[in-house]
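K.L.:
Protein chains in written order, with the working numbering: chain A, 1 to 390; chain B, 1 to 384.
Mixed in with the good hints, there may be bad ones.
Unchecked claim - Derived pair list, reagent style DSS-like, types lysine-lysine, alpha-carbon separation capped at 30 angstroms:
id	chain 1	residue 1	chain 2	residue 2
1	B	Lys95	A	Lys179
2	A	Lys25	A	Lys6
3	A	Lys179	A	Lys28
4	A	Lys221	B	Lys380
5	B	Lys95	B	Lys78
6	B	Lys214	A	Lys28
7	B	Lys214	A	Lys179
If you're looking for bench data, these hints aren't it; they were derived computationally from the structure. All of these numbers come straight from a predicted model, not from anything done at the bench.
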Amino acid sequence: MNPSVKRTLALARVWLQQVAVLSMKEIKQLLRDRALFIYTVYIFTANIIIAAGGASNELRDSPVRVHDADRSAESRDLIYSFQPPRFRLAGEVDSPTEALRLLDRGEAQMVLDIPADFSASLWRQQPTHVQALIDTSQANTGYLASSYAARIIARYSEGWAERNIIRAGGDPRHLPAIKNDLRVWYNAGLNDKWFNTISELLTMVTVACILLPAAAMIREKERGTLEQLLVSPLTPLQIMLSKLLSMMLVMLCGTAVAVFGIMMPLYSVPFVGSVPLFFLLTALYAFTNAGLGLAAATFARNSAQVGLVVLLMVMPIVMLSGTWTPMESMPAWLRALMFFSPLRHFIEVAYGILLRGAGIGVLWDSVLAMAAIGVALFALGLARFRSQFA
Amino acid sequence: MNLARVFAVAQREWREILRDRIYFLLAFLLPVMLMLVFGYGMSQDIENIAFAVVDEDRTPASRDYAHQFIASRYFAFKGYLPDADAADRLLAQRKLRVVIVIGPRFAEQLRTGRTAQVQTLIDGTFTTSTRTIQAYVEAINQAANAGIRTGYLARRLGLPPEQVSRLMRPVVLEVRYLYNQEVRSIWSVAPGLIMLILMLVPPLLMALSVVREKETGAIYNVCSSTITRAEYLAGKLLPSVSISCVNAAILWLLATLYFGTLFKGSLLFFAVATLLYILCTTALGLLISLLVRTQQAAMIISLVMSIIVAIQFSGLITPVSALSGGNYAIAHAFPAMYYNAVVKGAFLKAIGFEVLWPQLLVFAAYAIAVFFLCHLLFRKRTRT
């Protein structure tokens, strides 16, 4: 072999060894801080389990109160069609003012008001009006409550409608109907646990990947150990790379534990797509986020500043990237801005690979965006690395 | 407790905050910026759902049916697709979230009084919005059904359509939305955001204060002085609580004046409840600061606790009553859920002390309990 090539190879080996040693130092530092270690284990295990039982907008045992001015067999029939799992009859009220009071206190989500001439109108073939007062201080569940109530009323009135039609001389068995068959794809049972656990994993990886490297970097800056590293034969690239690599390694291990140890066995979350692709892109995501954290750290002078700056970036990223709030209803300028959120792209990747079995052919644009953001941020951090001490 | 010593600690802490200009600015800017971004972005309305139609019938009747969805403000029509395969592909690529497939002989079946088949394919990845989309589709389908049946019967029986429509709908449901008449989510979101931001920022402002002194060793000055533990902790709390109170006032102004949310309740009640809530969340930050040894740990733990509690256990996105057993209990262990009832009550429902006094008691007890815990955990003599 050519001696100069040999020398380059030997140098490269030393260079890589230095990065490996530095990365090991980062990991040891993380694991030796007992609070941080417990936290790292927690986010990939117990926290996923807690999230599985969490958020769902499904209406479950929503308390319904009834003001029944008719007190007939017909009105009772209607009342008793409000049943679990969606609704729960929480009792009757004597007056509309009492109904309002119960709604105020949150002891009812819906109050049904049945008029005194309810059964009489039904028999006279006159439309009768039932009023539903619905608490919509929670806009989403309020809408669902009203839509399920409408469905129950529609089913109840079917029998009466048929009677009316027969008496008018029609044949209710031969009526045109449109049967709309709803098919839910990729999560046929609408299992919230799939969505919740994946979303929680992504949120936690995001927060950890941005904050931990930023905090590690600022600590070295505060203590002056970073300047010590700079006067050593190490280059800024090696120092930053070691922080990224250690973060990637921790996140990959954690994600593997969460996916194979918790999500798949406990909640039967499917893994339809390619396993290597998923972990490769998880590593890329960790790189992108760590780049964001390191770049932010070069702008801050102390831990307190970095904490506030990270919160300012993390919260919009977590809340507005498409899991907690729908992207579609955002104003266009904000949607354009969210293009720069790495999580926005990783959501496509993670849900795509896990639930839909998407391959690189579908995901290439998300991957490209993530890589571009990561490289740009990493370059920014590197460029500011020396000047930050000025 | 010697108040002079409390103020001395507070004053020193305050000076430290003031001298770090960037930090001082951020402490006030951060809540405002979060409020603006979320106020615009965090709408819970599910609108503009990308959908397409596969029309295998191609008749005026099927086009009419498709139009019911196209005209809805909830759906954004992306065009007709040639076949179901194209639908599969676009759903998999997330270009569409809903595809409506109208079967062949749609018009013929309706004309002859039979049942026509339609299929709706919905992307179920995001379960919460999928459920709302299902409700939209069923409502539109029901309206279409009613129209077609009424027309059919009116022709058959020779009756005016209004009369047939009365026969077909013996029970009419009139829905009245309370507290948020137009179901506009900014009104329900803005009060929730005050809860969210006051859960996020005060613990973080507090979390670093003691642990920073532990890292630099400045804590030994305190340990060797005559100041008592309670005086030191109270002095530490004071500046953060004052900053957060100013922030709460700014957030309230933003919600009412800038976002135009109605404030129906009593301002006095709201102010008292908010002060107590801030005491609770700041004390949580102090507790974290005492428990950990590094600023890195303090930051990440306070941040993650705040995010998890504020999003999942506060009733911000899903009501606490819908949480399952263990999570229901966790939600009750943090102040956010109680304060959510307070902001919703004070902003939307015009209720105050008379209904929500138990919440105030919870805050007071909570703040005292956490402070007491901090007092227990904080040792002037380090363990050897």
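K.L.:
Taking the hints in turn, state whether each one holds.
P.N.:
Consistency of the hints with the structure:
no. : hint                 : result
1   : B/Lys95 to A/Lys179  : 26 angstroms, holds
2   : A/Lys25 to A/Lys6    : 29 angstroms, holds
3   : A/Lys179 to A/Lys28  : 62 angstroms, violated
4   : A/Lys221 to B/Lys380 : 28 angstroms, holds
5   : B/Lys95 to B/Lys78   : 9 angstroms, holds
6   : B/Lys214 to A/Lys28  : 21 angstroms, holds
7   : B/Lys214 to A/Lys179 : 68 angstroms, violated
Violation of the numbered hints given earlier is confined to hints 3 and 7; the remaining hints are satisfied by the structure.
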